[in-house]
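Novice: Sequence:
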Amino acid sequence: MPPNGSQARREEILRLATTTGLASVEELSRHFGVTASTIRRDLARLTADGRLARTYGGAMALTAHPEASLRQRTTEAYEQKRAIARWAATRIQPGETVLLDAGSTVGALAHELRTAKDLTVATTGLTALHELADVESVHVECLGGTLRPLSQAFVGPLTEAALERLTFDRVFLSADGVTADGGICEADLRQTRLKELMARRADRIYVLAHAAKLGRAPFHAWATLPPGWTLVTDTSATDADVAAFTARGVRVVRAEPVADPAPDRPAPPASG
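Residues 297 to 568 (this note's numbering) make up the sequence shown, in order.
By construction, these hints were calculated from the structure, which means they are not laboratory data.
Keep in mind that the hints are not guaranteed to be accurate.
As the list claims (entries may be wrong) - Across the chosen pairs, the derived CB separations fall in these ranges:
1) 329 with 414: 56 to 62 Å
2) 432 with 345: 51 to 57 Å
3) 485 with 372: 51 to 57 Å
4) 343 with 304: 16 to 22 Å
5) 536 with 344: 21 to 27 Å
6) 493 with 325: 19 to 25 Å
7) 555 with 303: 26 to 32 Å
Because the structure is a prediction, the values reported are computed rather than measured.
Just so it is clear, CB atoms sit at the ideal spot from N, CA and C, and this is done for glycine as well.
Model the full structure from these sequences, guided by the hints.
Specialist: Laid out in C-alpha cells, this is it:
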C-alpha cells in the first residue's frame, strides 16, 4: 500500500522517479490516492529541495539518477539472480572460452562456475575474479585496465586493447536496464562502449537481467547489440514485459527458481 504521510509519500515519489520514471501528476495522484493539488505541493517541495526537476505538464524528472554500488546490488533480487545464473551456467560446455562482464548477476554466474572443468574465463569484473581465483580447474584471464570502484569493473583503453586479442564462445553481460530497441542502459559511457566491444568478440551473446530491469532506462549511456542475442530473466517477468524483445527477434529465457537451499557465499569485495 502506498505511504500516506507527506514525508513518506515524497520519499516514495523520489524512489518511483528513480526506478520507473513515473512522471505525471495524474498517475501519482491515482497511485497514492490523494488529490492532484497534494501531489503538486509534494513536487514543489522536492523541487525546492533540489531533489527533482519539473518538466512541462506537471511531469518530473530526476536531475541525476543515483547509481547503486555493486555491494548494494548484490543483495537485491538474490533468488532471481541465482536462478538466472544457474540457467546460464548450464549453457557453458567443457573446453569453452567465455567472457564475463562485471555486475552482481554475472558474479552469481561466476559462483556457479566454481565446479566447472576445463574452462577458460576472461572477465572485466572483480566479483568474478574473487569467485574463481582459487578454482584450479578454471583458467582465468583478467582484462585489466582502469578500475571503476562503484561497479568494481575494469574499463578503459587497456581493457579494450586486451579484448582485441581474444575471441569467445559466449559472453554474459550485465545491465542497469535493458530495452528492446535501445539495448543495455548503463550509468557510464566507458562501460557501454566496453559491452559493445565484448559482444563483438563472442559467438553467442547473453544479457542477464532480472525482471525489474526490463524496459528500464535509468541513465543515458547505451550499448547496442547485434541481432541474435539472448535475454535471460526470471519467471516474474510477464508476457507484456518480454513482448517487445521477442517482437525484435530476441530470444527470451525466463529462468525457473532454484529449488535447493542457497550455499554460503563469500562476501563480495569492498566497493573502493
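Novice: Enumerate the violated hints, using their earlier numbering and listing them in ascending order.
Specialist: 3, 5, 6 and 7
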